[in-house]
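Enquirer: In the order they appear, the protein sequences are chains A and B.
Mapping to our numbering: the first sequence position 170 is 170, numbers consecutive.
Count along the second sequence from 1, then add 185; that gives the number in our numbering.
Hint data in this document are derived by calculation from the structure and do not stem from the laboratory.
Small disclaimer: the values here were computed from a predicted structure and weren't measured.
Beta carbons are placed, not taken as given, at the ideal position from N, Cα and C, and that holds for glycine.
One or more hints might be untrue.
To be verified - Where chain A lies over chain B, by a calculated footprint (3+ residues, C-beta under 8 Å): (1) 269–278; (2) 283–296; (3) 310–321; (4) 333–345; (5) 361–370.
Stated by the list, open to error - Beta-carbon label-pair distances, calculated as ranges: (6) P201/B with R12/A: 35 to 41 Å; (7) S6/A with E225/B: 28 to 34 Å; (8) L320/B with F78/A: 41 to 47 Å; (9) E225/B with L19/A: 37 to 43 Å; (10) I97/A with R270/B: 29 to 35 Å; (11) A222/B with L145/A: 27 to 33 Å; (12) V183/A with A222/B: 25 to 31 Å; (13) E182/A with A309/B: 32 to 38 Å; (14) L370/B with R152/A: 44 to 50 Å; (15) A309/B with D122/A: 42 to 48 Å; (16) N343/B with L184/A: 51 to 57 Å.
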Amino acid sequence: MPRTWSVRAITRASLPILLALTVVEVGSGLVLGTFEATLLQYPSLLVLVPVTIGTAGNLGSILASRLSTAFHLGTLSFDPGDDDLAGNVVATVMLAITVFPVVGAGAWGVAAATGSVRLPVDVVIAVAAVAGASLAVLAVAVTLLATYAAYRFELDPDDVVIPVVTNTCDVLGVVVLFGAVEVLV
Amino acid sequence: MSVRRVAATAYREAAPALAASVLGGLFAGAVLGGMRAQLEAVDGLLVVVPALLATRGNVYASFGARLATGLHQGIIEPHVAAGDRRLRAAVGAAMGNGLLASGFAAAVAFGVLTALGRPVAGLATLVGVALVAGLLSGVALTGAVVAVVFAGYRRGYNPDTLVGPLVTTTGDLFGLAFLVLAVRLIVGGV
């Protein structure tokens with residue numbers, strides 16, 4: 001499909017969805033704002049914020065682009081017994097379970113190297129691990145739902161699924177991190 | 186293939202990219218962790234942070250994808266020529282959309298925080314900080330995306346696979362670093 005390379009055409013195609021996603025992201029900012037005092041008190045948790053939401057979004061977008069490719073190749077079916085589907089879901093959860101404890105340790109290390117840490121390293125690792133495992137399950141659910149919706153509405157999953165998944169995971173990332181901090185800190 | 190085989194392959198293929206993005210995210214976290222003075226000086230700044238970071242990703246990932254498509258289709262050349270109309274339009278649209286979304290995010294955050302009765306800095310301060318940060322990180326990201334996509338393409342790499350990791354790792358870092366600078370420029374002192 002030929003696209004017009006003018007400022008007006010590009011803006012018309014992308015600005016509405018961009019502004020809608022911005023409103024969603026302000027929503028995640030508001031959740032972040034509600035536990036700002038805790039985050040400012042414990043720098044290691046503040047360090048955890050960008051890496052947690054970024055990693056959740058990346059897990060979702062990796063799964064989304066793999067499912068999208070399988071969908072374009074015609075090898076994907078939305079059947080829980082489908083090997084491709086189940087295998088990719090298992091891999092996403094395994095990635096989260098193995099990566100997030102490292103993320104927690106890394107965040108504690110960064111906070112220790114750049115200032116003072118007030119939380120013990122095992123608490124930060126536990127927060128990251130619990131948030132990460134919960135996020136993996138949510139990211140999988142959102143990605144499957146968005147890919148299935150794109151398939152049902154005959155949209156190209158490459159165009160719609162990744163922005164929806166990364167931005168939804170940003171919001172979920174903050175909410176889940178908030179939950180984990182409330183329970184564990 | 187069995188579920189186990191699919192899962193093992195998917196894990197192996199995704200792990201390096203995810204590890205790289207974790208490293209980038211930790212750098213961004215270091216900047217955010219060092220921003221406590223700015224966050225305390227400008228009430229409501231933390232509320233805008235996710236929107237500003239997501240804007241960088243949304244705008245510049247799509248700018249990079251557009252450049253990659255243009256290169257594949259042969260309608261733009263992998264050289265920076267200021268006279269190239271298409272390249273200028275793509276850069277202009279990315280910068281314009283990035284600035285609009287940044288200012289809009291700050292205004293929405295201000296409106297919601299005011300309505301909720303939560304402490305918030307002045308509208309002009311918050312929007313000013315968002316716009317200055319948006320402009321500076323926009324210039325940096327435009328340069329980074331154009332340089333990497335063009336150089337990568339000339340060396341025979343598929344620009345599509347370069348853009349995503351580049352924008353996610355540098356976007357957060359530039360986004361936060363320039364946010365600190367913007368607070369210093371607008372509010373001063375901190």
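Enquirer: Now look at each hint and say whether the structure bears it out.
Expert: Hint by hint, here is what the structure shows:
1. Restraint check on the region 269–278 of chain B versus chain A: 6 residues with Cβ-Cβ distances below 8 Å, three needed, restraint holds.
2. With a threshold of 8 Å between beta carbons, the proposed coverage of the region 283–296 of chain B by chain A holds, since 6 of its residues qualify and at least three are required.
3. Residues of the region 310–321 of chain B lying with their CB closer than 8 Å to a CB of chain A number 0, which falls below the three-residue condition for coverage.
4. Residue count for the region 333–345 of chain B with a Cβ under 8 Å from a Cβ of chain A: 0. That is fewer than the three needed, and the coverage hint is violated.
5. Under the rule that three or more residues need a Cβ within less than 8 Å of chain A, the assignment of the region 361–370 of chain B is violated, with 1 such residues.
6. As the Cβ distance of P201/B to R12/A is approximately 37 Å, the hint placing it in 35 to 41 Å holds.
7. Taken as a hint, the range 28 to 34 Å is violated for the pair S6/A and E225/B, whose Cβ atoms sit roughly 43 Å apart.
8. The supplied range of 41 to 47 Å is met by L320/B and F78/A, whose beta-carbon atoms lie about 44 Å from each other.
9. Roughly 29 Å separates the CB atoms of E225/B and L19/A, a value that falls outside the hinted 37 to 43 Å.
10. Hint check: I97/A to R270/B, Cβ distance near 50 Å, so the stated range 29 to 35 Å is violated.
11. Between A222/B and L145/A, the C-beta spacing of about 41 Å breaks the proposed range 27 to 33 Å.
12. At about 29 Å, the beta-carbon gap between V183/A and A222/B stays in the expected band of 25 to 31 Å.
13. Checked against the hint of 32 to 38 Å, the pair E182/A and A309/B passes, with Cβ atoms roughly 35 Å apart.
14. For L370/B paired with R152/A, a C-beta distance near 48 Å keeps the hint of 44 to 50 Å intact.
15. Our hint of 42 to 48 Å for A309/B and D122/A holds, since their Cβ atoms are close to 45 Å apart.
16. Judged by the Cβ atoms, the range 51 to 57 Å given for N343/B and L184/A is violated: they are separated by roughly 42 Å.
When held up to the earlier numbered hints, the structure conflicts with 3, 4, 5, 7, 9, 10, 11 and 16 and fits the remainder.
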